[in-house]
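A.B. asks: Sequence:
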Amino acid sequence: AGYYDAGETEMTLEDFTTKTINTQRDFLGELGFATSFGWNVAVGTTVKYMKSEMAEEFKANAISVDFGAQVNLTDSLKAGMAVRNIGKGYRYLDDSNAAPTSVTMGLAAIIQMANSAGFSITDVCKILEHENDNDHETA
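Using the numbering used here, you'd call the opening residue of the sequence shown number -2 and step up by one each time.
Among the hints, a few may not be true.
[Unchecked claim] Here are the in silico distance ranges between beta carbons for each label pair: (1) I18 x M102: 44 to 50 Å; (2) A3 x I83: 38 to 44 Å; (3) I107 x G4: 43 to 49 Å; (4) I83 x D23: 17 to 23 Å.
[Stated by the list, open to error] Using 27 Å as the maximum straight-line C-alpha spacing, the simulated DSS-like pairs for lysine-lysine come out as follows: (5) K56 x K45; (6) K48 x K85; (7) K75 x K56; (8) K16 x K56; (9) K48 x K16; (10) K85 x K45.
Quick caveat, the hints were computed from the structure, so don't treat them as lab data.
Backbone N, C-alpha and C define an ideal beta-carbon position, used for all residues, glycine too.
Could you build the full structure based on these sequences and the hints that come with them?
C.D. replies: Here you go:
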């Protein structure tokens, strides 16, 4: 979970009086679950809830989901894939802001050295990063 508070600011109203307001407050909460099937397959998901309030007047929230999977191909070679930020973004009035949806795949190899010391080499290849087309969508 995360929380952001931009503090307070003084605002001048139409009648020239002033009012102190909260500039911006954001909250992010996440709930995840993962499980494995036997020794060679693991999957997981995370649901993210985001809430934002600006100038105590404009409020927005969004939900997005991440999915991931990992397969042990051998004792020393693993393959994985993750899809992040599936969902719509915030909408303030007519403006929408979404996190880019991305798909990532990778391989990890554990290399055992002759003296029994080992290390891991991970090669991650981002195959798709797509910004959501919700930027100018209207309700």
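A.B. asks: Each hint: holds or not?
C.D. replies: Here is what the structure says about each hint:
no., hint, verdict
1, I18 x M102: 44 to 50 Å, "46 Å, holds"
2, A3 x I83: 38 to 44 Å, "28 Å, violated"
3, I107 x G4: 43 to 49 Å, "48 Å, holds"
4, I83 x D23: 17 to 23 Å, "20 Å, holds"
5, K56 x K45, "17 Å, holds"
6, K48 x K85, "13 Å, holds"
7, K75 x K56, "43 Å, violated"
8, K16 x K56, "19 Å, holds"
9, K48 x K16, "24 Å, holds"
10, K85 x K45, "11 Å, holds"
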